[in-house]
Amino acid sequence: MPRTSPVILFLISAAWLAALGLPLLSIAPNRLLSGQGVSLAALLHGWRYALLVPALVLLAAPWLAACAPGRGLLLLGSAMLSFALLALCGEEAQWQSAQDGEGLLRVSFGGGFWLLQLLLWLLLAELLRGMRLRMLWLSAALAPLLWLLERGRLDALSLAQEYRNHQDSLALALGQHLALVVYSVLPAILFGSLLGLVAYRYPVWRKPLFSFLGVLQTIPSIALFALLIAPLAWLGAHWPQSGIAGVGRVPALVALTLYGLLPMARSSFAALTQIAPEVLEAGRGIGMSAAQLFFRAELPLALPVWLSGVRVTAVQTVGLGAVAALIGAGGFGSIMFQGLSSSALDLVLLGVIPLVLLALLLDVLFRLALSLLKVEP
Amino acid sequence: MKRWRDYRGALLSGAVLLALTLALPYSSALFSSLFPELERPLYLQESFARLLLSHLAIVSASSLIAVSLGMGLGAWASRPHGQAFRPLLDSVLALSQSFPPVAVLAIATPLIGFGEAPALIALVLYGILPVVQGTMAGLASVPATVTEAARGMGFGSRQLLLKVELPLAAPVILAGVRVSVVINIGTAAIASTVGAKTLGLPILVGLSGFNTAYVIQGALLVAGLAIVADQCFEGLARRWPSLPVSA
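These protein sequence lines map, in sequence, to chains A and B.
With the numbering used here as the guide, the letters of the first sequence map in order to residues 408 to 784.
With the numbering used here as the guide, the letters of the second sequence map in order to residues 5 to 251.
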């Protein structure tokens with residue numbers, strides 16, 4: 408890599424602009440009032456000037472990024488800066504809360520903090536590009552965060568306070584959300600794959616099936632959830648022992664399953680059609696029966712494409728599950744909407760962060776499984 | 005004659021949506037027979053036509069911005085001087101896929117305030133991504149032989165982009181725009197939780213007041229609008245099929 412990449416320079420200049428122009432923290436007298444922004448420059452005094460060391464390393468990027476040791480230094484610099492910013496915020500929050508006698512003060516991350524962290528992490532990803540074990544290095548860069556959390560250095564921040572106040576409802580939401588995802592993705596996999604198989608075996612059904620599923624996918628989630636309320640309420644009224652109700656978990660599960668059908672049907676259809684006809688010919692040639700051909704040749708060859716369909720379905724369902732909170736199905740969406748209705752950003756984040764983490768985790772797990780099958784997703 | 009056939013689905017669903025919007029204000033009798041327990045079976049706070057129009061306004065404004073920004077960004081990342089940024093854009097796109105549109109809306113609101121502005125910003129932010137993705141994929145799908153031939157015929161890089169590459173990439177870009185607009189219609193409905201006046205309003209009012217009739221009325225129109233938009237793109241895609249380019 409002889410020339411400095413413009414991407415690195417762009418990310419670092421954007422990070423400097425974010426550090427100088429946007430508030431790093433926001434301090435509010437209580438939970439419901441909106442806060443006053445505090446810039447990074449206002450927070451620097453005493454030992455905190457040490458923060459500038461990794462920042463200066465980044466400033467030297469035009470010279471450093473050209474050689475391998477310099478890139479290593481940049482890598483260390485951006486990881487350290489990300490950690491130091493977090494530590495700084497935690498410490499400032501502790502100090503501010505100690506000043507405040509009533510314990511109502513709220514110190515939250517400002518826009519500058521989130522933007523800086525995003526830019527620093529994109530910088531890390533860019534610097535690690537093409538390196539082996541990239542995911543491992545990126546997760547190693549998370550270790551300092553865990554250390555700060557474990558030592559309680561971040562406890563005074565508003566997000567941590569919201570977490571302590573809503574610990575029970577968060578655990579409940581996690582259970583509900585996982586149940587929503589599992590109980591809708593599993594039937595979607597089953598029925599979607601069957602539909603894909605039908606489309607593969609019977610070409611007549613192909614067009615009407617995919618048009619129908621396409622229209623179904625087009626209907627916005629909030630409308631589909633809402634349209635299911637009346638028929639399911641009617642079903643519940645006429646068949647009380649079933650436990651079906653118009654609002655709550657049942658319509659959410661039905662709608663999420665319906666949304667999963669299209670990606671599953673499409674991917675299982677694509678998975679079966681991408682198999683080279685020569686392979687099937689050869690299988691038939693060596694005397695495989697139809698069942699043998701399906702289980703020994705078609706299924707293993709179709710598995711990778713099918714699995715990436717499962718990945719799309721699962722990640723999509725996690726996101727759509729948030730909307731299900733509107734019809735009373737619970738999950739992380741309920742915390743998010745609760746925060747939204749009381750305009751408490753930290754409560755919104757308490758719902759959004761685990762939601763995104765869950766989606767990312769599923770994504771990474773499926774990509775890992777796919778790479779074990781030694782194919783590109 | 006043939007031209008209309010491509011838009012049959014769009015015209016049909018459009019007519020149904022229009023009829024539904026106009027007929028709903030007179031459907032009080034129908035809904036009161038369906039839900040005899042409800043005192044007010046028809047959403048009357050705002051007229052449905054007005055909600056539909058303001059829903060359309062917010063979606064078209066945000067989609068217009070998202071499409072122009074997204075196509076510009078995608079085209080730039082496909083040019084030689086923007087090429088270095090491609091992996092970065094790919095990481096951002098991959099990251100955004102695990103970020104549901106509702107989350108963008110939820111975070112934008114406390115930062116910007118309630119009303120139409122946060123909804124518009126969230127819709128633009130989320131709408132850009134599929135367009136960027138479609139533009140990059142579309143431009144990448146143009147065979148090198150074609151661009152070489154055009155260059156050989158004396159096309160400048162600007163002409164090449166506008167007259168050769170973008171038209172050839174159009175079907176893939178259009179698919180990206182379609183995804184962006186359809187998602188925006190759904191997210192705009194949810195945006196009524198943050199005070200934007202859209203078709204989601206009757207749904208939310210109905211949900212919080214246990215009025216299933218309101219919920220159905222809003223949901224029918226939202227679903228109808230999304231299907232009409234999707235069918236319009238379906239018609240466009242048929243008029244504009246991918247050219248059979250042999251590499």
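Derived by calculation from the structure, the hints in this document are not laboratory data.
Here the structure is a predicted model, which means the values were calculated and not measured.
Where a beta carbon is used, it is the ideal one built from N, C-alpha and C, also for glycine.
Don't take every hint at face value.
[Claimed, not checked] Heads up, simulated SDA-like pairs for lysine to any residue below, C-alpha to C-alpha not over 25 angstroms straight-line: (1) A/Lys614 <-> B/Ala61; (2) B/Lys201 <-> B/Asp10; (3) A/Lys614 <-> B/Pro175; (4) B/Lys201 <-> A/Gly692; (5) B/Lys201 <-> B/Arg83; (6) A/Lys614 <-> B/Pro147; (7) A/Lys614 <-> B/Ala65; (8) B/Lys167 <-> B/Leu240; (9) A/Lys614 <-> B/Trp244; (10) B/Lys201 <-> A/Ala751; (11) B/Lys201 <-> A/Leu480; (12) A/Lys614 <-> B/Ala27; (13) A/Lys614 <-> B/Ala19; (14) B/Lys167 <-> B/Ser72; (15) A/Lys614 <-> B/Phe237; (16) A/Lys614 <-> B/Asp10; (17) B/Lys201 <-> A/Ser748; (18) B/Lys201 <-> B/Ala61; (19) B/Lys201 <-> B/Gly13; (20) B/Lys201 <-> B/Leu92; (21) A/Lys614 <-> B/Leu16; (22) A/Lys614 <-> B/Cys236; (23) A/Lys614 <-> B/Arg242.
[Stated by the list, open to error] Where chain A lies over chain B, by a calculated footprint (3+ residues, C-beta under 8 angstroms): (24) 107-117; (25) 213-226.
Going through the earlier hints one by one, which of them does the structure break, listed in rising order? Hints 1, 2, 4, 5, 6, 7, 11, 12, 19 and 20 not satisfied by this model.
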